[in-house]
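*Asks:* Sequence:
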Amino acid sequence: MSNASHGALGFLHKSHIVAEPGFNRWRVPPASIAIHLCIGSVYAWSVFNPPLTRELGVVASSADDWSLSSVVWIFSVAIVFLGLAAAFAGKWLEEVGPRMVGVVAAFLWGGGFIIGSLGISSHQLWLVYLGYGVLGGCGLGLGYVSPVSTLIRWFPDRRGMATGMAIMGFGGGAMIAAPVKGWLLSLYAKAPEFLGAQDAVTTVVENGRVFAETAAGKVEVVIASAAQAASFGGDAGVYVVGTGATGAAQTFLTLGVVYFIVMILAAFQYRVPAKDWKPEGWTPKPVASGMVSQNNVHIDQALKTPQFWQLWVMLCFNVTAGIGVIGVAKTMMSEIFGSVMPLVVTAAFASTYVLMISVFNMVGRFFWASTSDYIGRKATYMCFFVLGTILYLSIPYFASAVATNPAMIYLIGFYAATMIIFSMYGGGFATIPAYLADMFGTMHVGGIHGRLLTAWSTAGVLGPLAITSLRQMSVTSAIQDLATKIDPAAFAVKFGAPLVQLDQLVAAKTVTIAKLMEIAPEGTIDPTPSLYNTTMYCMAALLVVAFFANLLMKPVKEHHHHDEPELQAVPGE
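This note's numbering numbers the first residue of the sequence shown as 20 and each following residue consecutively.
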């Protein structure tokens, strides 16, 4: 890659973007925030789930439409590739500088959307995985790490604040992207051809597919309910498959082009400080704690230190626990509080709650990272783990208390606890680059940060896996527990099958907790609010492990230090 500095892309190399004397360092943060806002839209992926599952049927899913489970994993693939790309590109970033990496990120993220758009319009799911998941994911990783080491060098006096600002954009990306994606989808959507009400059209079912007889012959159709058709301004009835559009392909194409342009413009704003540059009037103050190193550790050497792996565990467990709540917060809010306080916890309330998750995730990034400049990184992580453990343990308490006594105070408690958790989830991401710079010096911090992000990839798989399996265990045991309290005769009447067939009935989703509650004896407590208790206890346990990893953090031993003076962009090197 290094010979690229003399090739066609030489003008992007860091030796060509050294800032002139008098350059205003405040021009760099807006560029990095712009890139992070573009890639942060990955958090609003769920907006695409519904249209992608009815791409052909449009008003309802048709036989050949993709299932939700096959679409949901595209997001996880993108997060895994984010971590892998950041880990592999870290060293290359230190070699070529932020502008080249930012430009490549723009091609991958923008191009990934465009390839995804082709995949949607040709109905090839592998192309969506390749475009958005693999290439887009690599673009995410490169875009994410590109500004970090540069900002730390421009703001040696406020490392936490500088990285907090950029990474705040990533948290805020979803806030802007979700409504924009929704608007684009509705702009490009087109209702399919309507044949008439269900009783007015002759339909036949062959191999599970529905066909209608028309003048032009037999066509495959979907039968939409009033609610499904209403979103397209139509009536309930029979619609021809493959004649409408959800707008997903055009939305992908539009976003791909817009993100590409914004990211290219932002990447060209990147500059690196000249060798030995310092902010005017700033002198590095001696740090009493000894936790801020004045020495540098080489990227490959960093992996041999216990400190790297302690930070890896801290980030991984903090993110796993956060994803553990993000994944279920909205469901919890509606399942637990919606049933006992239906007038307060409405659909609009739940949507606002999801928006607030983004707000706190974003604000937490800036707040905690800036705070760490004053109280130190170790103390900041202590707050995360001690406060976090207490809050995770409080969630099951609020959930079970409200089930027996629907008082407003429990809802407020739950709301506050989850919001502080989300602020610390974001804060963990934003504070880690500054913690790395404190431990390993600023010379290779971009690359080391890239490798540390594999903790995020791991958490991206671990978190959802843990929640779904822990919740499933809770559901199964709750159903079996309820079944023991129910009169077998009542059960047989309600479900048309004896109690001994419970397992098959549960597997077919015929028997659910809600349906069992309808025939449960008076005074039986609904187990729904406590379904998440095991998840929360496990997440609290992870934070306790992370607490000890942070508690045992010590400065890096001298034999790991790098002897060379800081190699920064020397023109002509």
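Hints listed in this document are in silico derivations from the structure and should not be mistaken for laboratory results. It is possible that part of the hints are untrue.
[To be verified] For lysine-lysine, the following DSS-like pairs were computed, each having C-alpha atoms within a straight-line distance of at most 27 Å:
id : residue 1 : residue 2
1  : K576      : K110
2  : K573      : K397
3  : K534      : K576
4  : K534      : K513
5  : K573      : K110
6  : K397      : K323
7  : K110      : K294
8  : K576      : K397
9  : K349      : K528
10 : K297      : K323
11 : K576      : K323
12 : K349      : K110
13 : K534      : K349
14 : K323      : K504
15 : K528      : K504
16 : K323      : K110
17 : K528      : K513
18 : K397      : K297
*Asks:* For every hint, state whether the structure bears it out.
*Replies:* We went through each hint and held it up to the structure:
Taken as a hint, the K576 and K110 pair is honoured in the structure, with Cα atoms around 22 Å apart against an allowance of 27 Å. For the given pair, K573 sits about 10 Å from K397 by alpha-carbon distance, which is consistent with the 27 Å threshold. Between K534 and K576 the CA atoms are separated by roughly 61 Å; this puts the pair beyond 27 Å, and the hint is violated. Proximity of K534 to K513 is assessed by CA-CA distance (about 9 Å); at most 27 Å being required, the pair is judged to hold.
Between K573 and K110, the direct Cα distance comes to roughly 25 Å. Compliance with the 27 Å bound is thereby established for this hinted pair. With a C-alpha separation of about 21 Å, the suggested pairing of K397 with K323 holds against the 27 Å cut-off. Distance hint between K110 and K294 is fulfilled; the C-alpha atoms sit about 19 Å from each other, no more than 27 Å. For the given pair, K576 sits about 17 Å from K397 by alpha-carbon distance, which is consistent with the 27 Å threshold.
A distance of roughly 22 Å separates the Cα atoms of K349 and K528; the hinted pair therefore holds under the 27 Å criterion. Under the criterion of a C-alpha separation no larger than 27 Å, the hint pairing K297 with K323 is inconsistent with the structure, at around 31 Å. At roughly 11 Å between alpha-carbon atoms, K576 and K323 fall within 27 Å of each other, so this suggested pair holds. With a C-alpha separation of about 39 Å, the suggested pair K349 and K110 falls outside the 27 Å cut-off, and the hint is violated.
Pair hint K534 plus K349 holds up; C-alpha atoms about 22 Å apart against a cutoff of 27 Å. Restraint check: the Cα-Cα separation between K323 and K504 comes to about 57 Å, which exceeds 27 Å; the hinted pair is violated. In summary, the hint linking K528 to K504 is supported, as the alpha carbons are separated by about 20 Å, within the 27 Å threshold. For the suggested pair K323 and K110, the alpha carbons sit about 16 Å apart, so the restraint of at most 27 Å is met.
Taking the CA atoms of K528 and K513, the gap is near 14 Å; set against the 27 Å cutoff, the hint holds. Among the hinted pairs, K397 with K297 is consistent with the structure: their alpha-carbon atoms are about 25 Å apart, no more than 27 Å.
Consistency note: the structure conflicts with the earlier hints numbered 3, 10, 12 and 14.
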